[in-house]
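> Chains as they are written, first to last, in full-length UniProt numbering: chain A, 1 to 323; chain B, 1 to 129.
One should not assume that every hint holds.
[Stated by the list, open to error] Not the full set, but computed from the structure, chain B residues with beta-carbon under 10 Å of chain A: (1) A6; (2) R15; (3) F18; (4) A27; (5) R30; (6) Q35; (7) R52; (8) H55; (9) A58.
[Stated by the list, open to error] Using C-beta positions, here's what the derived DEER-type ranges look like: (10) B:K13 x A:E300: 54 to 60 Å; (11) A:A40 x B:Q12: 27 to 33 Å; (12) B:K42 x A:K286: 51 to 57 Å; (13) B:H86 x A:R304: 24 to 30 Å; (14) A:P267 x B:T81: 29 to 35 Å; (15) B:P40 x A:A115: 45 to 51 Å.
No lab work stands behind these hints, which were simulated from the structure alone.
C-beta: ideal position from N, C-alpha, C; glycine also.
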Amino acid sequence: MRILAVDDDPIILTLLVEVLRAAGFTDVVTAESGADALRAIDTTNTAFDCFLLDIQMPEMDGIELVQKIRGYKAYEATPVLMITAMSQRKYIDAAFAAGASDYITKPFEIGEVHARLRLVSSLAETRRAGGIPEHHEEIATDRPVDLARRVKLHDVDGFIDYLAMENYLLQVSRISLIGMRTFGVIIPEMKRVLAHSTPYEYESVVADMAEAISDTLKPQSFFAAHAGGGEFICVLLNCNSFDGDDFNHRLNETITEMDLHYSNGAPMSLRAVVGDDFSLKLKSPKGVSQTLVQALAAAEMVERQPQRKEPQKSSLLQLFGFG
Amino acid sequence: MQAQDAFSAGLQKVRSRFLEQLPEQSAMIRDIWAQVQSAPDKPSPILPDIGRIAHRIAGTAATLGFPELGRLAATLEDAVTEAHDHPGGIAALTAPVTAMLQEMARAAETENQTETGAETGVQTKTGQA
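Chain B on its own, in the form it takes in the complex (with noise of 0.2 Å):
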């Protein structure tokens, strides 16, 4: 039963660290997708560090409880592979990017209530305690 505890705490301590970093990769998409749709007829050779976020996020976040953001971020990966592959597909990104930025924040949304939830859940215990 330790060992369990353990387990958890040790998860549950990579899946903040996870959440924390949310913020500053989604602030990156943002930033880059606004400099290559400054210019979208033209090569980026910042597109690719969109696909690297992705293919990051696209590796963890379902094993630590986020399998939608974990299927997005895949989806978008590849879709900054086709587009780079293609010059002037640019615009097919604009969907996947729009859900990929709208999911990491419901990501952080949802661990915040969690957070919450946990919280009173230990406050009722102690209380019933």
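This is chain A alone, in the form it adopts within the complex (with noise of 0.2 Å):
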């Protein structure tokens, strides 16, 4: 596995040039500010498999070098993981809405280094065996759709990648997690609309939908991903009480005015269902990753059944015969 590691720092770079041989990568560049980073990527011919960027470096830091990386098609989807002393919650989210995998603090633990590294190249070597198409060109085959690939939605306002959205909640302290809360959004009919259109239109219908639920949410602060098929997870980063009718209604009323049609040219009727919301306070990091997937069974449960998120009847109406 190729790595690029940024840090303005010889002293961090020397260290971790060590600790990752110890751990078997030796193929590892260095770099000592940004733009050396971006002349190392511009004039490789080797591409980087992970880069490892340190956030406060001057000139250009490293959030504004994750943006930068996230422009070349290549590294899309390639981890990027912040190695950084920045703690501050306001440095992490801006380190993931750009872009960032992971995030590391310093100082760090040379197992923990290692073991992220590991899972790195593991997903590495997934994508070079073929597992994890990496570039748009790779996918815009004829080759069926896979719906339960997981599409990287970095140009869309609040999306990070569904990893990193995990990584992310279990980077922010216990505190951080009072204030958020999570919820599912399903489209029903992506699987049957989709299970025969090119692996192209299924980008763009999921990068659709991604856009209207960005632009639904806004201007709350959120991140939110796709989880494959017709799925996303949203979690609201400062927010005490959601309220998911009125968000499922103006969802929807996006979703119709964006009035998609297919590549022939028929139109493409598609509704969002939104699952109740639920909070993340205090959770632990089992407890996180639960609560995601717990999310979007609940909005699974609303498109099985429909008429439970529609408003309860009084029971003394009901009792009156008014029901």
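Using the hints, put the two chains back together into the complex; each one sits in its own frame.
Spelled out as structure tokens, the structure:
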């Protein structure tokens, strides 16, 4: 696995090289600034499989550098790990919003760096083996749509990779989780209407739905991710209560206004189903992952039993025959 | 075992470079701090330089075996940010700057003692052999 490590502190770079070598990662290139890193990216003959970036650097900081790296088509999905002393929530939020995949705070535990890098390495292996297409060019073929595949949506405001979302929630402190709520959104027709579409059409519709979710959630602070097929997971970052019915209504209005069509000109009729929301307050790392799954399951339940989300009729009215 | 030895040797090299830099970084902090104290009521453009030195030390010290130095560096970095955001708060920096300088000196001294001890250990083994 070829790694590019970027830090303005030569001591950290030397330390990282030693730590990485001890875990068997010997193909490591170092850069002491964002500009040097971009030069290394532009001139390398062999693409990098992973980036390790510091945040606080003069001139171009690590957050700007992630954005620039994500601007390269070849590196849209490449793991970017922030290794930084900036542990405040605002830096964590900004790094993930810019496209970071994971976040390790300095001073780091050597074992932690090894564990995270091994995970990245296995993802890179899977990618090389063809399990995860890395570029748009690779998926824009005539092969059948893989509805389980999670689409990277870095161009849509608030959208990050699903694994990055989990990493983000594990990184912020339990205290920060107090104001966070999560819910799932499902586009039930997605499987049916896209089963015979091209992968490009599938990606375009997923991106359109993500745009609709993003536009409807604004101006709230949020992260959202595509969970595969027609499923999306949303996390509201500073929210104590969420009106799911109102959001559902506005989201479907937005989708209708988009007036989507298939490539052959036929209208595409899609609607969204929004599940119950769940608090992430003081959840353990395992609890966070489980709650995301629970939120998606709740949206699936609404899809199967739509009447469950309709306003409950008053039992008194029902008693007197008005129900 | 060879890989472990190579890793230990590599880490020791990084640790030595880290310690070699401490006297120079300590002198810079002393110098900047003296200038800041000469005009404590004026916003200082060089005060963030203390924060930058502290930031670097905070990022590496604990990993290299100096957790207390790392902790004090992080405290100093936060204190500098706080003082920079609140002009007139320079006085609050006295304690973290002093503690940091003392710990930098202690780290360098501890390392000297460790090196002496290590040499003694090697000599003993050689003697036993």
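> Take the hints in turn and mark each one as holding or not.
Each hint tested on the structure:
The beta carbon of A6 of chain B comes within 8 Å of a beta carbon in chain A, closer than 10 Å, and the hint placing it at the interface holds. Taking 10 Å as the C-beta cut-off, the interface hint given for R15 of chain B holds, the closest approach to chain A being about 9 Å. The interface hint given for F18 of chain B is met, as the beta carbon of that residue sits about 5 Å from the closest beta carbon of chain A, less than 10 Å. Restraint check, A27 of chain B versus chain A: the minimum CB separation of about 18 Å is more than 10 Å; hint violated.
A least Cβ separation of about 21 Å between R30 of chain B and chain A goes past the 10 Å threshold, and the interface hint is therefore violated. With a cut of 10 Å, the hint placing Q35 of chain B at the interface with chain A is violated, because the nearest CB-to-CB distance is about 21 Å. A hinted interface residue such as R52 of chain B counts as satisfied when its beta carbon comes closer than 10 Å to some beta carbon of chain A; here the least separation is about 8 Å, so the hint holds. Given hint, H55 of chain B at the interface with chain A, holds; its Cβ is 6 Å from that chain's nearest Cβ, closer than 10 Å.
Contact between A58 of chain B and chain A, as hinted, is supported at the beta carbon level, the nearest pair being about 5 Å apart and thus within 10 Å. For the pair K13 of chain B and E300 of chain A, the supplied restraint of 54 to 60 Å holds, since their beta-carbon distance comes to about 55 Å. Distance hint check for A40 of chain A and Q12 of chain B: the Cβ-Cβ separation is about 28 Å, which falls inside the suggested range of 27 to 33 Å. A hinted range of 51 to 57 Å for the beta carbons of K42 of chain B and K286 of chain A is consistent with their spacing of about 52 Å.
A C-beta distance of roughly 57 Å is found between H86 of chain B and R304 of chain A, which places it outside the suggested range of 24 to 30 Å. Range check, P267 of chain A to T81 of chain B: about 56 Å between beta-carbon atoms, so the 29 to 35 Å window is missed. Separated by about 47 Å at the C-beta atoms, P40 of chain B and A115 of chain A satisfy the suggested range of 45 to 51 Å.
Of the numbered hints listed earlier, those contradicted by the structure are 4, 5, 6, 13 and 14.
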